[in-house]
Every structure is written in C-alpha cells, then in structure tokens.
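With the hints as your guide, set chain B onto chain A.
Those protein sequences? They're chains A and B, same order as listed. All residue numbers for the first sequence refer to this note's numbering, where the first residue is 1 and numbers rise by one. All residue numbers for the second sequence refer to this note's numbering, where the first residue is 1 and numbers rise by one.
Check the hints yourself; a few may be wrong.
What the hints assert, rightly or not - Which residues of chain B face chain A? A partial, calculated answer using Cβ under 8 Å:
hint : residue
1    : 9
2    : 46
3    : 69
4    : 102
5    : 105
Unchecked claim - Far from chain B by the CB rule (all over 10 Å, computed), these chain A residues:
hint : residue
6    : 41
7    : 44
8    : 101
What the hints assert, rightly or not - Going by beta-carbon spacing under 8 Å, a handful of chain A positions derived as facing chain B:
hint : residue
9    : 10
10   : 12
11   : 31
12   : 43
13   : 50
14   : 56
15   : 94
16   : 100
17   : 103
18   : 104
19   : 105
20   : 106
The set of hints was computed from the structure by calculation and includes no laboratory data. Just so it is clear, the structure is predicted and the values come from calculations on it, not from any experiment. The beta-carbon is built from N, C-alpha and C at its ideal position, and this holds for glycine as well.
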Amino acid sequence: NAGVTQTPKFQVLKTGQSMTLQCAQDMNHEYMSWYRQDPGMGLRLIHYSVGAGITDQGEVPNGYNVSRSTTEDFPLRLLSAAPSQTSVYFCASTRGTNNEQFFGPGTRLTVL
Amino acid sequence: AQSVTQLDSQVPVFEEAPVELRCNYSSSVSVYLFWYVQYPNQGLQLLLKYLSGSTLVKGINGFEAEFNKSQTSFHLRKPSVHISDTAEYFCAVSQTIQGAQKLVFGQGTRLTINP
Chain A
1 NAGVTQTPKF
11 QVLKTGQSMT
21 LQCAQDMNHE
31 YMSWYRQDPG
41 MGLRLIHYSV
51 GAGITDQGEV
61 PNGYNVSRST
71 TEDFPLRLLS
81 AAPSQTSVYF
91 CASTRGTNNE
101 QFFGPGTRLT
111 VL
Chain B
1 AQSVTQLDSQ
11 VPVFEEAPVE
21 LRCNYSSSVS
31 VYLFWYVQYP
41 NQGLQLLLKY
51 LSGSTLVKGI
61 NGFEAEFNKS
71 QTSFHLRKPS
81 VHISDTAEYF
91 CAVSQTIQGA
101 QKLVFGQGTR
111 LTINP
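With the rest of the complex left out, here is chain A (with noise of 0.2 Å):
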C-alpha cells in the first residue's frame, strides 16, 4: 500500500492563481481531512470528508473548497491564492471514528 499520496511536494503561486492539491489513499479509509500547519499553530483543520459525496467545513475554511467522488480521491482547491494562504498542506485519512490518523507527506505552498 502506498498509504497516503499527496501532489506536489511544492508549488509557489502568484497572489490571485487557482491550483488543486492533490491527496488520494489506497486503505479504503472513509474519513479524509485537509490540515494547514503554520509555525506556532499546530495543524488546523479546513475541510473533511466522511465519505464520497459528504463533506463539511473545519476551523479554517474560507478561501478553500473540496469535493469527494470517489473514496480514494479528497483534492483541495484554493480559487485565488492569497499570500495567508502560504502554509504547509498536509492530507489525512481513516477508518471509523477515533482512530489513529494517517498523514500525506504534506505539500508546501508559497503564495507571492
């Protein structure tokens, strides 16, 4: 298994350019999440998903829209990029509820 897969590693982008992260898991997990890390602040929750077709908000979610059409597949979209939004990007996933989370290798974004 390739657990969880997050694209690109990196990607810098100009104030006001769209891009999707890319995340997807191979564990047939239903629960998926997106998390920022900022020096400081820990991991904050933007959106999750607990299931194909569910999704709800997080902590922090404005600026960022997801959509899940397949179990395997929870990408996150930012409209336009805003220099608040450099950050660290890291996917998660798992089963049921209350059980341990399993992380992407995260992708680092850089907004100009």
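Below, chain B without anything else, positioned relative to chain A:
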C-alpha cells in the same frame, strides 16, 4: 469547545537524558488523546494513543504517556532520549461530533537532542 495546550514550544535535552513533554487539554466530555511525531520535512506519524483502560500508555520508540483525568493532562515521557528523537511532537484530542472525528492539535513542541 476542545482545546489543547502544549506548555513548552521548545525543549532542549542532552542525549541519554530523560524528557517530559507536557500537554493539557480542556473538554467537557470524554475524549481520546493522541501524540504524533513529525520528523523534519515529513508528515505526522502516531506515537501513541489513549482511548480507554489503563492510564499509562506505551508507544513506539520507547515513549509513554500518562492520562490524568483530574488534571486534564496527557504528558509524554521517555527515560533516555537519542539523537534520532529530534523532531516536533504534537498532542491532539479527538471527539466524535455527528459521526465525524474532529482532531484538535496543540501548537507543537520542538524537541532538540544535544550530544
């Protein structure tokens, strides 16, 4: 609302010394507690978790943590650290809300091991 406080942002220790990384949480209901480790330029991986049962939880790499309900703490300990333990450590509390697991993370503690 749940919150997690890691009391130290940085902890420097010498190799083979003991270490304790402190974590306090606030919640009005039963919670599940986790410690994750992040090595440089990598994602997070689980060190250990407390769901129920014995309050002393043993994890990977010789780490252990003790759940103290009265003090709402979940401190992480290791009796003798190694250079390879240099990493950032995150405490997290989990609660199931409307069928979805919500993880709230602390700010992280950067553990630096000096030779």
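Hint check:
1. About 7 Å separates the beta-carbon of residue 9 of chain B from the nearest beta-carbon of chain A, less than 8 Å, and the hint is met.
2. With a least beta-carbon distance of about 5 Å to chain A, the hint placing residue 46 of chain B at the interface is held under the 8 Å criterion.
3. Hint status for residue 69 of chain B: violated, given a least beta-carbon distance of 17 Å to chain A, over 8 Å.
4. A distance limit of 8 Å between C-beta atoms decides the matter here; for residue 102 of chain B the minimum to chain A is near 7 Å, and the interface restraint holds.
5. For residue 105 of chain B, the interface hint holds, the least distance from its beta-carbon to any beta-carbon of chain A being 4 Å, beneath 8 Å.
6. The beta carbon of residue 41 of chain A sits about 6 Å from the closest Cβ of chain B, which is not more than 10 Å, so the claim that it is off the interface is violated.
7. Residue-level check failed: residue 44 of chain A sits 7 Å from the nearest beta carbon of chain B, not beyond 10 Å.
8. Its closest Cβ contact with chain B, about 6 Å, brings residue 101 of chain A to no more than 10 Å, contrary to its assignment away from the interface.
9. Interface restraint check for residue 10 of chain A: the shortest CB-CB distance to chain B comes to about 11 Å, outside 8 Å, so the restraint is violated.
10. Because the smallest distance between the Cβ of residue 12 of chain A and any Cβ of chain B comes to about 17 Å, over 8 Å, the interface hint for this residue is violated.
11. Taking 8 Å as the C-beta contact cut-off toward chain B, the hint placing residue 31 of chain A at the interface holds, the least distance being around 6 Å.
12. With a least beta-carbon distance of about 4 Å to chain B, the hint placing residue 43 of chain A at the interface is held under the 8 Å criterion.
13. Given hint, residue 50 of chain A at the interface with chain B, holds; its Cβ is 5 Å from that chain's nearest Cβ, closer than 8 Å.
14. Below 8 Å, beta-carbon pairs count as interface contacts, and residue 56 of chain A has one with chain B at about 7 Å; its hint therefore holds.
15. For residue 94 of chain A, the suggested interface contact is upheld, since its CB lies about 6 Å from the closest CB of chain B, less than 8 Å.
16. The interface hint given for residue 100 of chain A is met, as the beta carbon of that residue sits about 5 Å from the closest beta carbon of chain B, less than 8 Å.
17. Interface restraint check for residue 103 of chain A: the shortest CB-CB distance to chain B comes to about 4 Å, inside 8 Å, so the restraint holds.
18. Interface hint at residue 104 of chain A: satisfied, since its Cβ lies 6 Å from the closest Cβ of chain B, which is below the 8 Å cut-off.
19. Restraint check, residue 105 of chain A versus chain B: the minimum CB separation of about 5 Å is within 8 Å; hint holds.
20. Residue-level restraint check for residue 106 of chain A holds (minimum Cβ-Cβ distance to chain B is 6 Å; threshold 8 Å).
Hints 3, 6, 7, 8, 9 and 10 from the earlier list are contradicted by this structure; the remaining hints agree with it.
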